[in-house]
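Asker: What follows is each chain in one-letter form.
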Amino acid sequence: MTIELFFQLLPQTLVNGLTLGAVYALIALGYSMVYGILKLLNFAHGDIYMIGAYLGYGVFIMFFVDDTALIPTGLIIVLMLVVAMVGAGIVSVAVERFAYRPLRYAPRIAPLISALGVSFILQNLTQITVSPRPLSYGSGTLIATGNSFAIGDLKVHASRFLVIGVTLILMFALTYFVTQTRLGRAMRAVSMDLDAAQMMGVDVNQVILVTFFIGAALAGAGGVLVGIVFFSIKHTMGFQAGLKGFTAAVIGGIGSIPGAALGGLLLGLAESFFSVYVSITFKDALAFVLLLIILLIRPSGLLGQPIVKKV
Amino acid sequence: MTDPTNNPIPPDDDEEKKSKIGTDEWVSQVDDRVRGRSGVLGRLVALWEAIPESWRYTGVLLLVIAFPVISGTDAFLELFDIGDNAFILRTGVRFLTFAILAIGLNVVVGYAGLLDLGYIAFMGIAGYLYAYMSSEFVQIEGLIPYGLAIPSIVSIPLIVLIVAGIGYLIGSVSIRLAGDYLAIVTLGFGQVFIQLALTATRVSVPGFDRPVDLTRGPNGINNLDDITLFGYTFESTMQYYYLFLLLLIIVFVVVNNINRSRIGRAWRAVREDELAAEVMGTPTRRMKLLAFAIGAGIAALAGAVDAAFQGNVVPNPRYSVLTLINLYAMVVLGGTGSLIGSIVGAFIFTILPELLRNIAAAGVLFYGVGIIGLYAALRPWRRFALVMGGTLVGGLLLKLIVPAINPAWDNGFPEAGSVLNQIVQGWLVIPENFQLVGNIVTGLAIFFLLAAMFLRQRQHLFHVLLGLAIYSFAFSWETRLAVEPSATRILVVGATLVVLMVARPQGLLGKTEVKII
Numbered sequence: 001m002t003i004e005l006f007f008q009l010l011p012q013t014l015v016n017g018l019t020l021g022a023v024y025a026l027i028a029l030g031y032s033m034v035y036g037i038l039k040l041l042n043f044a045h046g047d048i049y050m051i052g053a054y055l056g057y058g059v060f061i062m063f064f065v066d067d068t069a070l071i072p073t074g075l076i077i078v079l080m081l082v083v084a085m086v087g088a089g090i091v092s093v094a095v096e097r098f099a100y101r102p103l104r105y106a107p108r109i110a111p112l113i114s115a116l117g118v119s120f121i122l123q124n125l126t127q128i129t130v131s132p133r134p135l136s137y138g139s140g141t142l143i144a145t146g147n148s149f150a151i152g153d154l155k156v157h158a159s160r161f162l163v164i165g166v167t168l169i170l171m172f173a174l175t176y177f178v179t180q181t182r183l184g185r186a187m188r189a190v191s192m193d194l195d196a197a198q199m200m201g202v203d204v205n206q207v208i209l210v211t212f213f214i215g216a217a218l219a220g221a222g223g224v225l226v227g228i229v230f231f232s233i234k235h236t237m238g239f240q241a242g243l244k245g246f247t248a249a250v251i252g253g254i255g256s257i258p259g260a261a262l263g264g265l266l267l268g269l270a271e272s273f274f275s276v277y278v279s280i281t282f283k284d285a286l287a288f289v290l291l292l293i294i295l296l297i298r299p300s301g302l303l304g305q306p307i308v309k310k311v
Numbered sequence: 001m002t003d004p005t006n007n008p009i010p011p012d013d014d015e016e017k018k019s020k021i022g023t024d025e026w027v028s029q030v031d032d033r034v035r036g037r038s039g040v041l042g043r044l045v046a047l048w049e050a051i052p053e054s055w056r057y058t059g060v061l062l063l064v065i066a067f068p069v070i071s072g073t074d075a076f077l078e079l080f081d082i083g084d085n086a087f088i089l090r091t092g093v094r095f096l097t098f099a100i101l102a103i104g105l106n107v108v109v110g111y112a113g114l115l116d117l118g119y120i121a122f123m124g125i126a127g128y129l130y131a132y133m134s135s136e137f138v139q140i141e142g143l144i145p146y147g148l149a150i151p152s153i154v155s156i157p158l159i160v161l162i163v164a165g166i167g168y169l170i171g172s173v174s175i176r177l178a179g180d181y182l183a184i185v186t187l188g189f190g191q192v193f194i195q196l197a198l199t200a201t202r203v204s205v206p207g208f209d210r211p212v213d214l215t216r217g218p219n220g221i222n223n224l225d226d227i228t229l230f231g232y233t234f235e236s237t238m239q240y241y242y243l244f245l246l247l248l249i250i251v252f253v254v255v256n257n258i259n260r261s262r263i264g265r266a267w268r269a270v271r272e273d274e275l276a277a278e279v280m281g282t283p284t285r286r287m288k289l290l291a292f293a294i295g296a297g298i299a300a301l302a303g304a305v306d307a308a309f310q311g312n313v314v315p316n317p318r319y320s321v322l323t324l325i326n327l328y329a330m331v332v333l334g335g336t337g338s339l340i341g342s343i344v345g346a347f348i349f350t351i352l353p354e355l356l357r358n359i360a361a362a363g364v365l366f367y368g369v370g371i372i373g374l375y376a377a378l379r380p381w382r383r384f385a386l387v388m389g390g391t392l393v394g395g396l397l398l399k400l401i402v403p404a405i406n407p408a409w410d411n412g413f414p415e416a417g418s419v420l421n422q423i424v425q426g427w428l429v430i431p432e433n434f435q436l437v438g439n440i441v442t443g444l445a446i447f448f449l450l451a452a453m454f455l456r457q458r459q460h461l462f463h464v465l466l467g468l469a470i471y472s473f474a475f476s477w478e479t480r481l482a483v484e485p486s487a488t489r490i491l492v493v494g495a496t497l498v499v500l501m502v503a504r505p506q507g508l509l510g511k512t513e514v515k516i517i
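First to last, the sequence lines map onto chains A and B. FYI, this note's numbering numbers position 241 of the first sequence as 241, with every residue one higher than the one before it. FYI, this note's numbering numbers position 292 of the second sequence as 292, with every residue one higher than the one before it.
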């Protein structure tokens, strides 16, 4: 590869990486928050993201009759995001109530298997009730194909800005919630020490429900954004995305909220650069090689707290 | 100021909020609760336990040995209405393969307590090694014109050793990561393996002019040789059935003996409390690595023989995370740390999905599990009778009223598989466009169930919601789920997983964990 080509591809790769990274970060946040509080690897989280994408699709077809929008497309996008976030949150809270809460004091591996069962249920229920085929958000229907901004020579499609913008807004909202509100403080307390927080009068069940809701809402938004950027959604899309989000969470240090955001961005950028400059076939393996390297250098992730063994 | 006697501390009515584990009463009751099984199940268990242990094993073993013959008889084939028993035998081989794999995983997860999510890759590596050693895939002009063709008696032990060595290496890199991080790194290892298997088709190797195809990508490598031991070639499914059975017995006996030796005790000590074990002088690192290597070796044995049995290695889905999930489900369902449990788990998870292919059987299971679950959840039984009776009568009333208002609302005919389906459909009001309605009702069913769970305190509302949930679940099953067996199958498996885990977190044959804090 020549130097000119390298620089020619650089901006586009950067934008793609940021878009991808934003979505990974949204998924990773939910993983990380739940892990921080319950030490539970919520393997159904990827499927919650898928549910978000499908709920967004539901709103999309409701307001798009014969390719014409009944209300302004901007409003539709906002509605899609809101419905997907609330819906995914409710599903996730229900999952917590049924599949995880009874197992809170069980051996560590039991909720893991329960989570896998939930993942099967969500995927196949979607397949049966909606469609086994990929569905399309329609290319250029929500945001016209030509609707792009020029930065120097580079033309960046508006949907990329939407993804990055929405992600930034959600992250600021989350940071505000966690650092400034009473419930956010309770959340941090529970993640530090669940038993101690309970003794201090924190309603642990409420905190856990809120955590699941927020994590799922972020993932649901991620699902809609992916649908808008890449057009196509499928009932099995949660699995791979879940693995990626999980990897991102671990790279950043699982349990750490800024870590999850950082991990997501890093992973997205790394994948984008790797597939342009090195090899697209090994793209998916890269995530895990990166993970291995980072974990071997920093065993608790980039921003994670080192594990302290207490006797 | 209020009188303190009139204002006592409110009783803590939310029982499940509190962890009962660790309280003195709970610990002292453990023996009673283990012994105190009553009812039909209790009597069956007592009867089973009255048989001497050696007889039990011999009996089950004889049944498994005789199974290929029994399933080949006319009476058996007629009973299940099938032409021949080839499919049943293949399922049997699948069960035995998974039983061996589950035992290996149990060594890592159950005994040593290491969450190894890359386990399936060891099976995959063994499969590919067998393919390289026993097919025409590896060809170097002049040097190896027709493939390696190493005899099985050499190749299988060699593969087991190599893969156990790889397991040792992977373990020694990742074992210093604690708990879940180990899980993640091993998961990464498994993912890298399958990605390489799928994509390493054009790899430049020093000494070759052209890029070399190492795996043939998603199509995999075909035409593997059968296993030949001492001049005897295993060809038919039945021969492999007995080969796998023999291997299962060997693996079982070996692992069982290791578990009862110093090593087994050391594993358990590491699992229960690593720090304490280390203080007492257990070489924890070496013990963990040993578990890793033994697990990998067992996976390699099963993987290599499985590759020979299938005659090919295809990466997806055989070596994918999905298979790994199945294996974990088997081990955890059977009870981590219990060898018999792993075999039982493998049995359930290979046989259950096959049974569910038959939609009539799936229906019986669906309604059966539902009714038993309700019966267990609603105590005393009068509440159960009330809800069931109420739902039945309510359904019948609807069946009378709705067609009287508008006949078009009750003229749909979904395919009725069995007598049970016909009866249930006779009770339901099914409109013409039942597929669309079925989709909505499926959502409603889940909503009703959730609402019922959240409003458990308000008894009457709870009962009504539960009745609505039962009705809509039956409707959803008849109109949607029974129509699409392939997805429903996995749906039912997933639901079974969740229900079983919630009901028995330690697995079917696992020991209750007693934590004294």
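Hint data in this document are derived by calculation from the structure and do not stem from the laboratory. A virtual CB, placed ideally from N, CA and C, is assigned to each residue, including glycine. Do not rely on the hints blindly, as some may be mistaken.
[To be verified] Distance ranges between label pairs, derived from CB positions:
id: 1; chain 1: B; residue 1: D273; chain 2: A; residue 2: G74; range: 40 to 48 angstroms
id: 2; chain 1: B; residue 1: V369; chain 2: A; residue 2: I61; range: 33 to 41 angstroms
id: 3; chain 1: A; residue 1: D67; chain 2: B; residue 2: P380; range: 41 to 49 angstroms
id: 4; chain 1: A; residue 1: R188; chain 2: B; residue 2: I490; range: 35 to 43 angstroms
[To be verified] Sample of chain A residues facing chain B (criterion: CB under 8 angstroms; computed from the structure):
id: 5; residue: P102
id: 6; residue: L103
id: 7; residue: L292
[Claimed, not checked] Covered by chain B, per the in silico footprint, the following chain A stretches (three or more residues, Cβ under 8 angstroms):
id: 8; region: 94-101
id: 9; region: 119-129
id: 10; region: 238-252
Asker: Each hint should be assessed against the structure and marked as holding or not.
Answerer: Verification of the supplied hints:
no.	hint	result
1	B:D273 x A:G74: 40 to 48 angstroms	violated, 58 angstroms
2	B:V369 x A:I61: 33 to 41 angstroms	holds, 35 angstroms
3	A:D67 x B:P380: 41 to 49 angstroms	violated, 59 angstroms
4	A:R188 x B:I490: 35 to 43 angstroms	holds, 38 angstroms
5	P102	holds, 4 angstroms
6	L103	holds, 5 angstroms
7	L292	holds, 6 angstroms
8	94-101	holds (count 5)
9	119-129	holds (count 9)
10	238-252	holds (count 5)
When held up to the earlier numbered hints, the structure conflicts with 1 and 3 and fits the remainder.
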